[in-house]
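Got two chains here, each in a separate frame; can you build the complex from them with the hints?
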Amino acid sequence: MPRAIVILGLVLAACSPTAAVDADPPPPTTAEEVASIIEASEVPVIVNVWASWCVPCRSEAPLLSRAADRHGNEVLMLGLNVRDTPNGAARFIGEFFPDAAIVHLADSNGGIPIDLGGSRGVPLTFFYRQGGELSFLHYGVIDERTLALQIDEIVNG
Amino acid sequence: MEFTLLAAAAFAVAALYGMLYWEARHGNADRCAGNLFETAVTSAALGIFIGRIVAMLLDGVSPITHPADILLVRAGVSTVGATLGALAVFAWLSRRELIPMADGISAAALAGLAGWHAGCVARDACLGTASDLPWALAQEGSSLTRHPVALYAAALFAAAAVAIALWKAYRRPGFGIPASTALIAAGTIRLLVEPMQPSLSGGPVWFYALGVVVGVAGLVTFRLSRFSGGDATGR
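First to last, the protein sequences are chains A and B.
Numbering of the first sequence is given in this note's numbering, commencing with residue 1 and proceeding in unit increments.
Numbering of the second sequence is given in this note's numbering, commencing with residue 1 and proceeding in unit increments.
Hints listed in this document are in silico derivations from the structure and should not be mistaken for laboratory results.
There could be a bad hint or two in this list.
Stated by the list, open to error - Under 7 Å between C-beta atoms, here's a sample of chain A residues computed to sit facing chain B: (1) Val-55; (2) Glu-60; (3) Arg-70; (4) Gly-72; (5) Asp-115; (6) Ser-119; (7) Glu-153.
Said to hold, decoys possible - Computed beta-carbon distance windows for the label pairs: (8) A:Trp-53 with B:Arg-171: 48 to 54 Å; (9) B:Asn-35 with A:Asp-24: 28 to 34 Å; (10) B:Val-162 with A:Ser-36: 55 to 61 Å; (11) B:Gly-60 with A:Ala-31: 45 to 51 Å; (12) B:Leu-192 with A:Tyr-139: 30 to 36 Å; (13) A:Pro-98 with B:Ala-138: 34 to 40 Å; (14) B:Thr-65 with A:Asp-24: 20 to 26 Å; (15) B:Ala-45 with A:Asn-109: 40 to 46 Å; (16) B:Val-214 with A:Ile-114: 51 to 57 Å; (17) A:Trp-53 with B:Gly-60: 28 to 34 Å; (18) A:Arg-120 with B:Val-162: 26 to 32 Å; (19) A:Pro-28 with B:Glu-140: 33 to 39 Å; (20) A:Asn-156 with B:Leu-191: 23 to 29 Å.
Virtual Cβ for every residue (Gly too), placed ideally from N, Cα, C.
Just chain B, same shape as in the assembly (with noise of 0.2 Å):
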C-alpha cells in the first residue's frame, strides 16, 4: 500500500522538476547559484520524516522506543510539523541566498502541491465530502456522489504555479514577491478545499490562514523595502 504514496510522491517529483525545467529556459532562476530541485526534494523529505515523528508524539507512540514506526507514513503525518520541518531545512540549506533561493522555488513548489494532489488517482483518493454537483463522483459500489476535492486542490496550486511562473517569466517582480504570493495561494488554496476533505478531526485550518498572514506580511514588507529604496535581501 506504501506503493501509491510513493506513486503521488513521484508525481509530485515530476511536477516540480517539469516547473524548474522550464523556468530555467526562462531564465527564472538565474539569482539562484543553489540548486533549487535538490534543496526542494531534500526539504520535502526531511519535512516529511519531521511531520511523522510529530504526529507520532502527538499520537503518543515514542519514536525512541518504536523507531520502525517512523517509516509508516501512511499511519499519519503532522501537516504542520512536516510543514515547518520542510521550511526551516530550506531555510537552513539556502541561508546564504534565502530570498532567491525561495523566490526561484515558488512556482515550482506550488507545482509540486498540485502534482501531489493529482497523485490522489493513484492513491484512490481523490474523493471528499457529499456533493450533488453533476461533476462528483462516486466510489465504487457507493451511490453516494462526492467532490473530487484533491483534483481541485491540483487545479487550483497548478493555476497559481503557472500564472507566478509566468509572471516571473514576463513580469519579473521584485525580490520576495513570488516567494510571499505562493505561500499566500498556498494558504488559500488548503483553506478553501479544507471544508470538502473527509476528516476525523478537522484540518490545521488556523495553520493554512497563518499562512495566508505571513504570506500578506512578507508582500507587505518586500514591496514597502522596495518603494523605499532599500533590498530586503540586506545585499
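Extracted from the complex, chain A is given alone in its bound form (with noise of 0.2 Å):
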C-alpha cells in the first residue's frame, strides 16, 4: 500500500501543470461601464465573478477558459476581478486565462456584482441575452451541464 501511495504521488506530481504565464492585472472598472458594456455588446455576455485568492473560483476557471474558446465568437465573456490584489489576479490570469477570449476588467471593493443583483459572494456568473436582459444567475462553481445549458439560452433561447 505504501508503495502504492507513492507511484500515485509521482503519478500526480508529473501530471502537475506548467509555470503560469506573465499576464497584466485587470484594468478598474465601474458599474456603469460594465451596465454600458453589458447593454451594448451586439452578442449575449457572460459575466463571471472571480477572485484568485477564491478556491471555488480556480475551480471553475478551466471551464470557462474552454467555453470562451469554443463559444468566444457567439458570446462576449467578461471576468470581474473583485476584492483582489493587481498582482494576485495578473497571476490567476496567466495560470489559467492565458490566452482565453475573456474580457478581465477589475472591481476592487467588489461592489459591481451585487449592483447587477448578485450577491458579495465568489464566483457568480451572470447569463445575458443580447441587450441586456438577464437570463440566469448562478451562485457558487458552475458545472459544464449548466453552463452549456445557459450558453444555448442566451445564444438561442
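Printed below as a string of C-alpha cells:
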C-alpha cells in the first residue's frame, strides 16, 4: 500500500501543470461601464465574478476558459475580478486564462456584482441575452452542463 | 450549492438500497457472501474521488498543490475516470467472488444510476437540448422548450434495473450474465441520451460504446462457458 501511494504521488506530480505565463492585471472598472458593455454588446454576454483567493473560482476557471475558446464568437465573456490585488489577479489570469477570449476587468471593492443583482459571494456567473436582459444567475461553482445549457439559452433562446 | 449534489446522491443511494432490499427478499443476492450495499457505496465514493482527480489533471490543476479543489466535485468529475475508478475499487473489494458480486449488484447499480439521474429535480438540472415534443420543458423565464433528458435517462435506467431484477428473480440467469447485460444496458442508455445532453465538448461516447462492446464480449464468454460445461468463475 505505501508503494502504491508513492507511485500515485509521482504520477500526480508528473501531471502537474506548467508554470503560469506573465499577464497584465485587469484594468479597474465601474458599475456603469459594465452595464453599458452588457447593454451595447452585439452578442449575449456572460459575466463571471472571480478572485484569485477564491478556491472555487480556480476550480471553474479551466471550464470557463474552454467555454471561451468554443463560444468566443457567439458570446462576450467578461471576467470581473473582485476584492483582489493586481498581482494576485495577474497571476490568476496568467495561470488559467493566458490565451482565453475573456475580457477581464477589476472591481476592487466588490460592489458591482451587487449592483448587477448578485451578491458579495464568489464565484458568480451572470448570463445576459443580447440587449442586456438577465437570463440566468448562477451562484457558486458552475458545472459544464449548466454552463453549456445557459450558453445555449442566451444564444438560441 | 454542493448540497443539491448531495440530494441527488441521496436519491441514488436510496434507489440502490431499495433495489438491494427487494432483491434480498427474493433471493437474488444469495450467491454473495460480501455486503453488496457497502461495497457499492464505497466503490462509488472512491470512484467519484478518482474521477475528480482525473478531471483536475485534465484541466491542468495539480491535486498536490491545490488539494482543497478535490472537494469541489461540482467543478467537474471525469466520467471515464470515475467509472473506471469505481469498477477497479469494486473489483478489488470483491476479488474473492467478483462475478457473483457483480451479478448481485447489477440491477441495483442501474437503479442507483436511475436515482442519480432522477435527482436532477433537486439539482434543477433535468433539461437538455431544445425540443418541440409535447412533454418538452422550458427553464423559468424562457420560451425555449427542451428535452427533460435526465428524466429520460432515469426512466430508462429504472426500466433496465427492474427488468434485470425480475429476470434474476424468476429466470435465474447463469454466472456473469446479469452483470454483462447491465453493462450493455448502461452503455446503451448513455449512448441514447448523450446527444440530448448540453455539453461543451461532447460526452465520452467512445467510452459508452466500449462499455457495450465489453458487455457483449462478457455475455458471449459467459454463455459459451456455460454451454461448454465450464464455469466462468473458475469454481
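Measuring from beta carbon to beta carbon, are Ala-45 of chain B and Asn-109 of chain A in 40 to 46 Å? holds (41 Å)
Going by Cβ atoms only, is Ser-119 of chain A closer than 7 Å to chain B? Status violated, d = 13 Å.
Between Trp-53 of chain A and Arg-171 of chain B, does the beta-carbon spacing fit 48 to 54 Å? violated (60 Å)
Against chain B, run the beta carbon of Glu-153 of chain A and see if the smallest gap drops under 7 Å. Result: holds, 6 Å to nearest chain B Cβ.
Is the distance from the Cβ of Pro-98 of chain A to the Cβ of Ala-138 of chain B consistent with 34 to 40 Å? holds (38 Å)
Supplied distance hint 20 to 26 Å, evaluated on CB atoms of Thr-65 of chain B and Asp-24 of chain A: holds (24 Å)
Determine whether the Cβ-Cβ distance between Pro-28 of chain A and Glu-140 of chain B falls within the hinted range of 33 to 39 Å. Given range 33 to 39 Å: holds, Cβ gap about 35 Å.
Do the numbers back the hint for Glu-60 of chain A, that is, is its least Cβ distance to chain B under 7 Å? holds (5 Å)
When you take the CB atoms of Trp-53 of chain A and Gly-60 of chain B, is the distance between them in 28 to 34 Å? About 20 Å separates the Cβ atoms of Trp-53 of chain A and Gly-60 of chain B, which means 28 to 34 Å is violated.
With 51 to 57 Å as the target window, see if Val-214 of chain B and Ile-114 of chain A comply at their CB atoms. Since Val-214 of chain B and Ile-114 of chain A have Cβ atoms about 52 Å apart, the given range 51 to 57 Å holds.
Interface restraint verdict for Asp-115 of chain A against chain B (beta-carbon cut-off 7 Å): violated (21 Å)
For the pair Gly-60 of chain B and Ala-31 of chain A, does the Cβ-Cβ distance stay inside 45 to 51 Å? Violated - the Cβ-Cβ distance for Gly-60 of chain B and Ala-31 of chain A, about 33 Å, lies outside 45 to 51 Å.
Of the numbered hints listed earlier, those contradicted by the structure are 4, 5, 6, 8, 9, 11, 17 and 18.
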